[in-house]
Amino acid sequence: MAAAGAAALALTLSACGGPGSAGAGDAPAADALENADGVTVVNFWHSMDGTNGETLNKLITDFNAANEGKIEVKGVYQGDYDTTITKYKAAVQSNSTPSMVQIYDIGTQFMIDSGAVMPTQTFIDRDEYDVSDLQPNIAGYYSINDELWSMPFNTSMPVMYYNKTLFEAAGLDPEKAPETLAEVGEAANKLSKTNGGPAEFGFNAAIYGWLLEQEIAANGALYCSPDNGRSGERVTDYSFNNDTAVEFVDWWKGLVETGVAGNTGRATADAQNAFKSGTIGITLESTGALGGMQKAAEEQGFELGVGFYPKIEQNDSGPIIGGASLWVSDEGHSDAEKEAAWQFMQYLAEPATQATWHTGTGYFPISKAALDEPEDVAWREQYPQFDVAVQQLEGTELTAATQGCSAGSMPQARKAAEDALEGALLGGDSKAELTESVEALKTEVENYNNSVQ
Amino acid sequence: MTITKPANPPAAKASPQPDRQTDRGSLRALWYLVPALLVFALFLFYPLGRSVFLSFQGSDLFGRPSGFVGFDQYTRLFTDSGFWNVMWVTLGFTVLTVVPSIAIALALALLLHQKIRGIRFFRTAFALPFAYSVATASVIFGVMFNQATGVLNGMLAFFGLDRVGWLTDPAWALLSVSLATVWMQLGYNLLVLSAGLGAVSDDVVEAARLDGAHGWRMQRSIIMPLLTPQLFFLLVTGTIHALQSFGQIHILTKGGPQDSTTTLVYSIYEQAFANNNSNFGYASAQAVVLLIIVVAVSAIQFGVLERKVFYR
Numbered sequence: 000m001a002a003a004g005a006a007a008l009a010l011t012l013s014a015c016g017g018p019g020s021a022g023a024g025d026a027p028a029a030d031a032l033e034n035a036d037g038v039t040v041v042n043f044w045h046s047m048d049g050t051n052g053e054t055l056n057k058l059i060t061d062f063n064a065a066n067e068g069k070i071e072v073k074g075v076y077q078g079d080y081d082t083t084i085t086k087y088k089a090a091v092q093s094n095s096t097p098s099m100v101q102i103y104d105i106g107t108q109f110m111i112d113s114g115a116v117m118p119t120q121t122f123i124d125r126d127e128y129d130v131s132d133l134q135p136n137i138a139g140y141y142s143i144n145d146e147l148w149s150m151p152f153n154t155s156m157p158v159m160y161y162n163k164t165l166f167e168a169a170g171l172d173p174e175k176a177p178e179t180l181a182e183v184g185e186a187a188n189k190l191s192k193t194n195g196g197p198a199e200f201g202f203n204a205a206i207y208g209w210l211l212e213q214e215i216a217a218n219g220a221l222y223c224s225p226d227n228g229r230s231g232e233r234v235t236d237y238s239f240n241n242d243t244a245v246e247f248v249d250w251w252k253g254l255v256e257t258g259v260a261g262n263t264g265r266a267t268a269d270a271q272n273a274f275k276s277g278t279i280g281i282t283l284e285s286t287g288a289l290g291g292m293q294k295a296a297e298e299q300g301f302e303l304g305v306g307f308y309p310k311i312e313q314n315d316s317g318p319i320i321g322g323a324s325l326w327v328s329d330e331g332h333s334d335a336e337k338e339a340a341w342q343f344m345q346y347l348a349e350p351a352t353q354a355t356w357h358t359g360t361g362y363f364p365i366s367k368a369a370l371d372e373p374e375d376v377a378w379r380e381q382y383p384q385f386d387v388a389v390q391q392l393e394g395t396e397l398t399a400a401t402q403g404c405s406a407g408s409m410p411q412a413r414k415a416a417e418d419a420l421e422g423a424l425l426g427g428d429s430k431a432e433l434t435e436s437v438e439a440l441k442t443e444v445e446n447y448n449n450s451v452q
Numbered sequence: 000m001t002i003t004k005p006a007n008p009p010a011a012k013a014s015p016q017p018d019r020q021t022d023r024g025s026l027r028a029l030w031y032l033v034p035a036l037l038v039f040a041l042f043l044f045y046p047l048g049r050s051v052f053l054s055f056q057g058s059d060l061f062g063r064p065s066g067f068v069g070f071d072q073y074t075r076l077f078t079d080s081g082f083w084n085v086m087w088v089t090l091g092f093t094v095l096t097v098v099p100s101i102a103i104a105l106a107l108a109l110l111l112h113q114k115i116r117g118i119r120f121f122r123t124a125f126a127l128p129f130a131y132s133v134a135t136a137s138v139i140f141g142v143m144f145n146q147a148t149g150v151l152n153g154m155l156a157f158f159g160l161d162r163v164g165w166l167t168d169p170a171w172a173l174l175s176v177s178l179a180t181v182w183m184q185l186g187y188n189l190l191v192l193s194a195g196l197g198a199v200s201d202d203v204v205e206a207a208r209l210d211g212a213h214g215w216r217m218q219r220s221i222i223m224p225l226l227t228p229q230l231f232f233l234l235v236t237g238t239i240h241a242l243q244s245f246g247q248i249h250i251l252t253k254g255g256p257q258d259s260t261t262t263l264v265y266s267i268y269e270q271a272f273a274n275n276n277s278n279f280g281y282a283s284a285q286a287v288v289l290l291i292i293v294v295a296v297s298a299i300q301f302g303v304l305e306r307k308v309f310y311r
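Protein sequences, first through last, are from chains C and P.
In this text, residue positions in the first sequence follow numbering that gives the first Met the number 0: the first is 0, and each later residue adds one.
In this text, residue positions in the second sequence follow numbering that gives the first Met the number 0: the first is 0, and each later residue adds one.
A couple of the hints might just be wrong.
Said to hold, decoys possible - DSSO-like cross-link-like pairs, simulated, lysine-lysine; straight-line CA separation at most 30 Å: (1) K114/P <-> K86/C; (2) K441/C <-> K253/P; (3) K253/P <-> K430/C; (4) K294/C <-> K163/C; (5) K441/C <-> K189/C.
Derived by calculation from the structure, the hints in this document are not laboratory data.
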């Protein structure tokens with residue numbers, strides 16, 4: 000299934016859109032960079048700090064060394080994703096955009112509508128760049144109307160983390176991760192202190208809208224309509240009050256109300272820290288957190304288990320691939336600059352680069368071949384937990400559901416969904432809370448759609 | 000360059016018209032003020048004017064003004080039930096932080112004014128919160144408030160009590176954030192009040208003692224009236240400070256749960272910058288409301304309370 004999807008996507012990516020079909024300007028001439036005088040500077044805004052930032056800086060240094068005298072990439076950390084998109088918006092207003100910017104997944108439709116960027120597809124078409132090495136599910140997320148608007152870079156998926164040591168103490172099989180919500184609930188019940196188990200809480204996860212988006216996709220349902228915004232029409236409605244969402248929220252709410260699950264609030268760091276302390280049985284988090292979880296498990300002396308993101312019942316669907324992608328600014332930048340940014344993007348997408356990125360950060364490689372790089376193979380042998388994400392991705396069929404909702408008001412929608420999730424966990428009715436948020440978003444959607452017409 | 004016009008200063012001195020001299024004096028004073036005025040204009044007056052302007056404009060995708068909309072933003076604001084919730088939270092937060100932080104600081108200041116051995120140590124220790132940045136203190140409180148692993152719930156569990164969702168239960172969150180804020184504010188208030196106490200003249204105290212004032216009577220009738228300038232100062236600055244608090248809310252709760260800690264300032268931030276919002280028009284309308292409130296509260300405090308302040 001996944002393979003068929005991959006082939007179909009590769010086909011559309013390379014076949015679609017002749018010259019000029021892309022929204023914004025035309026591609027710069029391929030020799031723009033060669034004709035440029037001196038060093039072409041690429042200002043690159045990103046949101047990578049800590050270990051991730053160090054790894055990115057290393058990649059930038061390597062690229063600059065290889066292109067000395069021709070291209071110089073200047074990476075600038077701008078704060079978290081929200082901050083970066085806010086700063087980019089301000090830069091659009093004052094005509095001072097950077098040459099290249101890293102924007103989170105849910106900012107994709109907004110970036111397209113901004114009219115400030117050059118679609119990556121223009122370069123791909125011009126160079127007949129081979130996209131077959133890109134992970135199809137990853138490319139799928141950033142393809143709108145079969146056009147790859149931005150180059151995926153750091154991608155992650157949600158997985159289930161569990162504490163094997165606590166599983167054992169509760170008499171559960173630590174080698175067999177629960178797979179459905181019912182199974183997870185059952186395990187959480189046995190684990191929790193309320194029921195005489197060894198864990199402070201059997202289950203605990205951050206009140207994070209992303210998790211709800213993932214559960215809806217993992218069960219093949221749509222987050223917004225029509226077709227998650229993937230069929231060429233603008234999103235007019237959100238549908239995260241559907242049965243799948245209600246069932247998931249009800250399930251979570253049930254665990255909280257019986258004291259089996261904790262509620263550490265919205266901050267993902269708080270939920271992570273709680274799990275890292277070794278007192279939580281099961282949590283849901285991004286693969287991007289695996290490095291930190293592994294380290295904490297070693298320090299706290301418990302064994303870490305990683306399982307697939309739980310579904311309501313087994314099916315061919317799966318979670319959405321999230322993360323962030325890279326965008327090239329169009330207006331106000333020379334052809335040489337755009338070309339240089341495109342060169343840097345290609346470098347970042349190379350298998351060897353992606354293997355370094357994968358092993359250095361835990362983010363999923365966008366290049367399929369990266370998984371065959373010796374560096375990557377050795378690393379996964381050492382940390383087999385990372386293979387869970389690979390298997391999960393390979394087992395996910397590429398559909399509108401697993402591509403995720405593409406809407407300009409997505410950041411606001413995530414916040415609204417969080418409000419509903421929180422309301423339900425604090426005692427409200429799941430269906431009513433979710434519906435209220437969906438209704439409240441209607442004005443937001445309308446305003447957005449009006450403002451981009 | 001002074002040699003070229005030696006006659007000038009004496010001439011000015013000899014001028015028989017004092018009015019013109021004053022004029023020239025003010026003109027010169029104005030020149031001295033120019034740098035300060037420039038800075039104010041750039042960083043205060045211009046943003047202020049811009050906020051007022053934006054509050055009468057719509058906002059496009061990028062938050063750029065998209066045309067005059069009259070009082071639409073204000074109408075939307077005052078008819079939005081969420082806004083009234085924000086106003087209540089703001090009021091609650093202000094009362095819950097200003098009153099206790101002054102009251103506790105006063106009690107501590109009186110205690111620390113006693114002449115006991117090692118009092119310097121206690122004075123330093125109690126004033127220490129002043130040295131913490133809002134960010135550092137908030138992070139530490141966040142760790143203590145954590146529902147699953149925090150030390151507060153650990154203590155409750157030790158005494159066999161139920162866990163409290165300090166930051167995740169809407170009934171508790173505002174109280175918890177206020178608690179953290181009171182702690183942060185305490186050091187500064189204590190320093191101001193201690194300084195005030197130190198300035199109370201020994202003669203006055205001695206005279207009162209001779210007249211038979213002791214203990215509580217001394218504190219209430221002699222010390223407290225002499226402290227009113229400091230108390231009044233703390234009330235005014237504390238209120239303004241509370242109305243503008245942002246850091247601890249952002250770090251501890253992000254305005255949640257269920258908007259139970261979304262104060263006016265936090266709401267402005269959310270509308271303008273969070274979640275890819277760019278409702279600068281709406282946020283500016285809120286900012287103008289905040290400005291009016293701050294000015295009004297200060298005016299009331301100066302008008303009503305200042306009459307009760309005892310200035311020597």
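Hints, verified against the model:
1. K114/P <-> K86/C: Violated, at about 56 Å.
2. K441/C <-> K253/P: Satisfied, since the Cα-Cα distance of roughly 24 Å is no more than 30 Å.
3. K253/P <-> K430/C: holds (25 Å)
4. K294/C <-> K163/C: Measuring from Cα to Cα gives roughly 15 Å; hence the hint holds.
5. K441/C <-> K189/C: Between K441/C and K189/C the Cα gap is close to 42 Å, so the pair fails against 30 Å, i.e. violated.
The structure does not agree with the numbered hints 1, 5 stated previously, though it agrees with the rest.
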